[in-house]
Each structure stands twice: as C-alpha cells, then as structure tokens.
Amino acid sequence: MSAFLDGLLTALQPGNLAALLAGSLLGVFAGAMPGLSSTVGLALVLPVTFALDPTPALLMMVSIYMAAEYGGSITAIAIGVPGSSPALATTFDGHAMTRRGEAGRALGISLFSSMSGGLLGTVLLVLALGPLSRAAIAFGPAEYFGLGVFGLSIVANLVGRDPFKGIVSALLGLLFFVVGLDVLTGAPRLTFGTTALMDGLGLVPMLIGFFAIAEALEAVSGRRGSASPRGGIAGALPKARELFGLWRTILRGSAIGGLIGAIPGAGATIASIVAWNEERRVSKAPERFGTGVPAGIAAPEAANNSCVGAAMIPLLALGIPGSASAAVLLGGLTVQGVAPGPLLMTERSELVYALYAGFVVAVLLMLAVGRLGIPLWTRVVRLRPSILMPLVVAISLVGTFSLRGNAADAWAALFFGLVGVAMLRGGYPLAPAVLGLILGPMIETNYRRALSLSSGSHSIFLESPISLVLLLLAAVSFAAPAIRRRVMSGRARAPEVGSDAHDNEPRQEERE
Amino acid sequence: MGSSGGVERERSRGSAGGTAHLRLLAEAGLLAVVAVGVLLDSRSYPGSLAEGAPGPAFFPRLLALLLMGCAAWLAVRVAQPSPDFDAIRSRGNAASGSGAGRGARLGLGAAWIAAFLLAWPRVGTIVSTPLLVAGLMWLTGERSPLALISIPIAFAAFIYLVFMVALGVPLPAGF
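Line order of the protein sequences matches chains V and L. Numbered according to this note's numbering, the first sequence spans residues 1 to 512. Numbered according to this note's numbering, the second sequence spans residues 513 to 687.
Honestly, the hints are just simulated from the structure, not real lab data. Among the hints, erroneous ones may be present.
A few chain L residues that face chain V, going by a derived Cβ cut-off under 10 Å, partial list only [said to hold, decoys possible]:
(1) H533
(2) L561
(3) A569
(4) W624
(5) T641
(6) P642
(7) W650
(8) T652
(9) E654
(10) P657
(11) P664
(12) F667
(13) P682
(14) A685
(15) G686
A virtual CB, placed ideally from N, CA and C, is assigned to each residue, including glycine.
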C-alpha cells in the first residue's frame, strides 16, 4: 500500500500531472476524430516522449490510450460514426439516443461507464502483473522461444477475414527484423552494403509510417472520406441515480473487457461488441437494444476502457503487445530504455507503481476532460481531413527525425508509410507485421541460443514444461480461427448482430 | 436492352476480374522476388559460432522459403477461383474505385514528402514545413486561401516553439 502511495505521489508531481493531462486531452481528441485512433494518437506523440523522462513519458502514453477509448464514443454518439473502432458497439444505442434528443444523457453514461471500466481494468492489472511476472522469471531461451512463437500465433487472431494475408504480413515483419547486424555473430544481413541499414529498421519509424503516414496518405489519395462530420450535442446530462443504477451492466462489461483485453490479440473492439451482445442476451427486453438503451452504451464503454489496464498485463509481464496500441506503447518503453518483462517489477518497481497510480489519475482526468470538454469536442470533430491529415504527416516526420537527429529515420517512416498503403490496398493487415518485427528477435535469438545449449537437439523445447505448454498453446491459437470458421460455416444460422457490425469495419479492426 | 445490359455487366465483371487476377499475380511475383533476394543475400552470411546451433542464414532462409510458399499459394488461388477468392477479388475491386486519380494523388503526395525530406536539411525547418503542409493540404482538397496560408504558418510556429524551444530538439536550421 505504501508503494502505491509513493506511486501516487510520483504521478501527482507537477510534471507528471501535466503529462497525464496532456495525454487525456490528446487521447480524447485522437479517439474522437474519425480516421485517428488510440494507435495513431500514440504514434504521433511518441517522438515528443523522447525528450521526457521515462515516468512522464509512460504516464502520458497510458493517459492517451485510456482517454482515446472514451473519445471514440463522442463521435459514435454525436454523429453515429465511431471515432475509433472500439466505439463501434456504442453507436448502436448511443446514436439512437442522440436522435431522440438525449445526446447529453448518452455522453454522460458513456463517460461514467468508461471511468468505471478504466478503474476496474486497473485493479485487474495490479492483481495480475506481480504473479505473472514472478512466474516468468523462470524463463530461459527455450521458454522465451515458446513465448515468442505463442506471441506470433496471436497473428491468427489479428488477421481479420483472410488469415493467409495476415501470415504474409507477419512474415514481412519478421523479414524487416532481419535487416541489420545479426545479434549473435555481428554478420550484416540484408543491408546490401549500406551502412545506413546496419542498425536495422527501427520500430518507431515503422509504427509512425504504418499508423500515421499511411493513414494520412490514404486521405491525400482520397480513399478516406473527406466530408467533415456534422451533428451536435444537446440534452440534459444523466442523473447520478441513473448512472449508479447501471452498476451491474458496468461490472459485467468491465469483466468481459478485462478478460478479453488480457488475451493478446483479442482487443477492445471485440470486447465491446461481446459486452454489448452479452448485455442484450441477459436483458429482459433484448428487442429494445439498438433503439437507445442506456445499458447498450454502458456495457461496451466499460468493456473497452477495462481493456486498457488488462492489455498492459501481457505487455509489462511478458513483453508481448496484444494490440497495435500496445505495440506503440512498447516502442515508447523501448526508446526510454525500459525493458518490459518479468524483471520489470523488481528492477523498475517505482515506475510500475507510478504507472498503477497514473492509471487511476488518468481515469479521473479523463472524467474531467470529458465532462468539461463536451462542447469543445463536438466542434473539434468537425476539423476537416484536408487540414488534419497534412498536419499528421508533418508532425510524424518532424517527430521521427527528433528520435536520433537522423534524417534516415524520417525516410524510413516514409518508406513504411508507402509499404503500409500498399499492404492496406492489397488487404494485408498491418498489425501482424508490427508483431513480427517486435517478436522476431525473441524468436530467432532464443531459438539459436537454446540449440547451442542443447548441442543442436530440439528436445530442449519439449523437455521444458513451460516451453511445451506455450508451443501447444501456440498451435491451438494458430488453428483456432480456422476451426472456428469451419464450425461457423457448418451451421446454417442467421448472423448475430455483433458479428455483422464487426464486419462493417474490417480496416479499423485490422488497425486495433 | 436487357440482353445488352447483361453483356455490359459481364464485360465489366470480366475486366474487373482480369485486373484483380493481374494484381494478385503481381503480389505473388513480388513475394517471390523478395524471397529470392533474401536467399541470394544469405549466401554471403558466415556459419554458426556454436556447435549444433543454426547460423545467421537459417532464419532468413526459412522466412524466404515460407514467402515462396505463400507466393505459390497465391498463384494457385488466382488460377483456381473459389467463392472465397471471388469475395476477396470483389472487395479488391470495390476498394480500387477510380484508381488512376487516387493513385496519382498518392504518388504526388509521396513525391511532395520526398521533396520535403530532400530540401529540409538545406532550407531548414521553418521554411520547409509550411510548404510541406500547404502542399499536402492542397492535394487533400483544401482550396481556401486563408487556410492554405494561415495553418501552415501557425504549424511552423508550433514546431518551432514545441520541438526547437521547449524540447530543445536540434531540427535542421538550414542555410
């Protein structure tokens, strides 16, 4: 408890508090703007965090992540377009309430549910991170290889409709990792004699290129909608009694979000849709869902904010990012010299406790920024893409240059932006490529280290129970989507509302 | 009339299908070229330093072989259209839309960014960033002279104050 209070005091220091507040503002903005998302918001702010100490940098990033999950609901409720994909389920009932002239009430419910979900997700993070980190201390090369392969099997869940293209994307990501000097022998690989490639292709230029520049180039080419959203906010805010009356719904949504968010690859979009569907299932009047039911807003919003804390569990304990946003957060941690993994709790405990407290403060700031800023956000979301996207490109390039004062990084960001556009147009999701670049070193280096320990015998991977379990889990994870599709196609039944809705947003789903 | 409409639809469907075939074949070809490039490059890598452990060439070669397999699979899918393939193809066609104009704008956007990256170290941040922003705004469809002038200038001031003054980042000063 005293460690948490120390963390709270750290989070409340003026510089850290300013970082949290800036993160809340940026997060709500990124979440509310159609075309942006928590991932793009995090990628954009990544260069700014280079100049900060690790604690404010990390606090700013988690604050963005948290606030963006709420921000998406503003546009979902106001104009019926989810600002980011996790707010998709919120449009069903949220916009219906706006059409009835109850937008203020809907936004109030969304804000309160997001806050509650965020706090419950943080509790889950505090409870789970320590035990998982302690279990992971026993890991050697064979176990880390198993973990890396399991992490890569997440690809099977990130691929969207076409698993084949997701696998190609992951292979390309692994190939991007190969560029540079081999860690174990120092041999240059795929550098083509260029010294600029000796350091390898950086994660940060890739993240900024894929998630910020590719998005902006799509807008420049006219493939993203250029019409600015119209709509307004009116109506009274909800009464406290109504909000607290939703506690069962919020608890259920948070539990679903916490469970799904902690599974790498599942993500906030799936969690919010499952929570909405589950709430409808247990409701006494399921037919009213989609017509403007408060529980239809509370469940998905609690779920997607609960996901944020839960998604930090595999990231911080194992170094496995379960979503594109978590991958960008990992990039921020790496740049700050913070190595996520089992030793983080022991070596950087002060940072971890500041992070716990920072989550709580971030949630409260999100409440304040969300409540006070409702009139402002409704104006901001009308910013034209023809103004927003060029600014995104310019900030991305300037920020990438700031990383090492090296123009090659800005060129790399442009390269990855173009690769990102080409991949999106070909239907290849971007998240598996990012995962490939991140997990490549873990898989290759530990595979070779393990085999050098066993003099070339592959039995080392089967003799370790942890490695064996992880490899079996990876096999199940790789096969699960294909099995699920086969089972589903075998059943001649009407599609569910949630899955229909999810199918409407394939590109957003790929990003998140 | 109905017959003529049907023929038109068939022709259009055939042409779209042909374009999709070409696009997927190009993807397969590109994957194969990348894989061959990796295999050729890996010939120069040294052997392993530890007995029994694979050397630096093992992982890239494995990836290259997997990419080859993917290229072959893609080619097979193009040759044997299935309901799945048709769905992917139609999605691809829908996404292509009026491809030429969009492709040109994308090319212009990328070229403008590349020109900025070339000019940036020489002319400096304060001069080059407003030009970058103004050019991209124009390409994205912004036609208001007030916006095209005021926003890039305000952005340059923002970059100067935040990155160069507040964060102390040594961005190119130029000249």
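Check each numbered hint against the structure and report the violated ones by number, ascending. Hint check: 1, 10, 14, 15 fail, others pass.
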